[in-house]
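Student: Respectively, the protein sequence lines represent chains A and B. The numbers in the first sequence follow my numbering, run straight up by one, and end at 1555. The numbers in the second sequence follow my numbering, run straight up by one, and end at 384.
Some hints here could point you the wrong way.
Said to hold, decoys possible - Pairs of lysine-lysine, BS3-like flavour, derived with a Cα cap of 27 Å:
#: 1; chain 1: A; residue 1: Lys1519; chain 2: A; residue 2: Lys1492
#: 2; chain 1: B; residue 1: Lys336; chain 2: A; residue 2: Lys1366
#: 3; chain 1: B; residue 1: Lys336; chain 2: A; residue 2: Lys1525
#: 4; chain 1: B; residue 1: Lys336; chain 2: B; residue 2: Lys306
What the hints assert, rightly or not - Computed beta-carbon distance windows for the label pairs:
#: 5; chain 1: A; residue 1: Pro1288; chain 2: B; residue 2: Asp372; range: 56 to 62 Å
#: 6; chain 1: A; residue 1: Ser1228; chain 2: B; residue 2: Gly310; range: 53 to 59 Å
#: 7; chain 1: B; residue 1: Arg331; chain 2: A; residue 2: Asp1349; range: 39 to 45 Å
#: 8; chain 1: B; residue 1: Gly319; chain 2: A; residue 2: Ala1378; range: 57 to 63 Å
#: 9; chain 1: B; residue 1: Gly343; chain 2: A; residue 2: Asp1362; range: 25 to 31 Å
#: 10; chain 1: B; residue 1: Gly319; chain 2: A; residue 2: Ala1510; range: 32 to 38 Å
#: 11; chain 1: A; residue 1: Ile1497; chain 2: B; residue 2: Ala362; range: 34 to 40 Å
#: 12; chain 1: A; residue 1: Val1517; chain 2: B; residue 2: Gly343; range: 26 to 32 Å
#: 13; chain 1: B; residue 1: Asp372; chain 2: A; residue 2: Pro1463; range: 30 to 36 Å
These aren't lab readings, by the way, just hints derived from the structure by calculation. These figures come from a predicted structure and were not determined experimentally. Ideal placement from N, C-alpha and C gives every residue a C-beta, glycine not left out.
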Amino acid sequence: MVRGRDDMPVSVYIPTPFRRLTGNQTYVKAEGRTVGEVLDSLGSAYPALRHMIYNEADEIPGHVNIYVNNHEIQSLQGKDTPVNDGDEMAVIPAIAGGAVVLTPDQVNRYSRHIIMPQVGPSGQRKLMETRVLIVGAGGLGGPAALYLALAGIGTIGIVDFDVVDLSNLQRQVLHQNDDVGKAKTQSAKETLLAYNPDVNVVIHNTPITSDNAMEIIPQYDMVVNGADNFTTRYLVNDASYFAGKTLVDGSILLFDGQATVFVPGSGCYRCLFPAPPPPGMVPNCAEAGVLGALTGVMGSIQAIEVIKQVLGIGESLVSRLLLFDALSMDFRVVKLRRDPKCPLCGDDATITELIDYEGFCGAPFPGPDGH
Amino acid sequence: MTVEVKVTATLQKLVGGARIVQGEGGTVREVLDDLESRHPGIKDMVMVDGQIHRFVNIYLNDEDVRFLAQLDTRISEGDVLSILPALAGGA
Chain A
1185 MVRGRDDMPV
1195 SVYIPTPFRR
1205 LTGNQTYVKA
1215 EGRTVGEVLD
1225 SLGSAYPALR
1235 HMIYNEADEI
1245 PGHVNIYVNN
1255 HEIQSLQGKD
1265 TPVNDGDEMA
1275 VIPAIAGGAV
1285 VLTPDQVNRY
1295 SRHIIMPQVG
1305 PSGQRKLMET
1315 RVLIVGAGGL
1325 GGPAALYLAL
1335 AGIGTIGIVD
1345 FDVVDLSNLQ
1355 RQVLHQNDDV
1365 GKAKTQSAKE
1375 TLLAYNPDVN
1385 VVIHNTPITS
1395 DNAMEIIPQY
1405 DMVVNGADNF
1415 TTRYLVNDAS
1425 YFAGKTLVDG
1435 SILLFDGQAT
1445 VFVPGSGCYR
1455 CLFPAPPPPG
1465 MVPNCAEAGV
1475 LGALTGVMGS
1485 IQAIEVIKQV
1495 LGIGESLVSR
1505 LLLFDALSMD
1515 FRVVKLRRDP
1525 KCPLCGDDAT
1535 ITELIDYEGF
1545 CGAPFPGPDG
1555 H
Chain B
294 MTVEVKVTAT
304 LQKLVGGARI
314 VQGEGGTVRE
324 VLDDLESRHP
334 GIKDMVMVDG
344 QIHRFVNIYL
354 NDEDVRFLAQ
364 LDTRISEGDV
374 LSILPALAGG
384 A
């Protein structure tokens, strides 16, 4: 910015969360006749800082306060507040308050979320207080868990019994070549912590069954379903309903994906598909194949739905089923209704506790106890 | 009446790999009968004992026909039918 005749040099205090954006300077010089002009001058000199002090609408986001000589500018004349030679300004993001206090590193790590008004520091704290269970550390559970960990979800539980196989590596992003033979839960935990050591990763190295589902699921706020068989899908649906937990469902085969969100009382997997196909009638991914990158799309959609639910923003996939066809690149949404005749969540429900899912599906739970 | 029928995933191999086929009929049932005449085997994948399989959904535009008139749901010009089996894959 060219210094104008009336521009005043002002000293601006930069707090630690933003200091990396100003070359680690605690005070920087900027010029202008008003707060707005000083901030513009600051933004030109430090473009990364500009992203922190202005949102998409070019306004100062609600979680950032600007001070002139220790007076917050809202109590003065906002961006039009005049500044004079020798004034000191400060750009302070809200970081304290609530049960969880964001550290400067966390403000920095999550800054691209925090600067969005739909998230902000309070939304970030909500994410950090949320516990999500991921069923299956595979194609869908992997990218879902990964993006939830990056977003700072406080506790991520992973239930899986399997070990990493070479054939998993075409799509399962939590596992790498050296992990072949390792328990998927352990491999997943190591990967998630390497990405974000803030996250508390809890592993349940077991198949999820009628015996343990009601012990595991109630420990969490929400469930992400990345199961690879109908037996587990019906079990997780019923157990999530009984535990009163939101279930973010996703499934994939070949080039097709389906995703939806079940909130108890707004329909469930049994309302969508009242009964599983006879064994062998609909193949699984091992039998028919699946496009690796498709798992990334659908798992990411599940992570998005979790984050939206936690933040209470947007329109969720509750009562809607998203269909993705990767070959035609066609996204469609169809309606999903609670079925009044549903045996689980209908008006005259007959299922009041977990049932014999192996008998219902005609197929065993996969895993050590299911073979 | 000719309608577009979108076919998902494993059902596609029954219609020669197509994802969209044309069907003739005034109701869902008539369209399925028409598809069966040209793609034998598709009705067995979609129906059993004269009813739609409980693991298969048929949508008229964005509405599940189970909540309309099931197989007797009437079809209008320009409607799109989608046949969607449950998928279990996640790994």
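Student: Hints first: check each against the structure and report whether it holds.
Tutor: Hints and how they fare:
1. Restraint check for lysine 1519(A) and lysine 1492(A): the C-alpha separation of about 19 Å stays at or below 27 Å, so the hint holds.
2. A C-alpha spacing of about 44 Å is found between lysine 336(B) and lysine 1366(A), which places the hinted pair above 27 Å, so the restraint is violated.
3. Between lysine 336(B) and lysine 1525(A) the CA atoms are separated by roughly 25 Å; this keeps the pair inside 27 Å, and the hint holds.
4. For the suggested pair lysine 336(B) and lysine 306(B), the alpha carbons sit about 13 Å apart, so the restraint of at most 27 Å is met.
5. Between proline 1288(A) and aspartate 372(B) the beta carbon distance is about 57 Å. The supplied range of 56 to 62 Å therefore holds.
6. Separated by about 57 Å at the C-beta atoms, serine 1228(A) and glycine 310(B) satisfy the suggested range of 53 to 59 Å.
7. Between arginine 331(B) and aspartate 1349(A) the C-beta distance comes to about 41 Å, which sits within the given range of 39 to 45 Å.
8. A C-beta distance of roughly 60 Å is found between glycine 319(B) and alanine 1378(A), which places it inside the suggested range of 57 to 63 Å.
9. Restraint check, glycine 343(B) to aspartate 1362(A): a C-beta distance of roughly 55 Å breaks the suggested window 25 to 31 Å.
10. The given range of 32 to 38 Å is respected by glycine 319(B) and alanine 1510(A), whose C-beta atoms sit roughly 33 Å from each other.
11. The hinted range of 34 to 40 Å is satisfied by isoleucine 1497(A) and alanine 362(B), whose Cβ atoms lie roughly 37 Å apart.
12. The hint said 26 to 32 Å for the Cβ distance between valine 1517(A) and glycine 343(B), and at roughly 30 Å that hint holds.
13. At roughly 34 Å, the beta-carbon separation of aspartate 372(B) and proline 1463(A) lies within the given 30 to 36 Å, and the hint holds.
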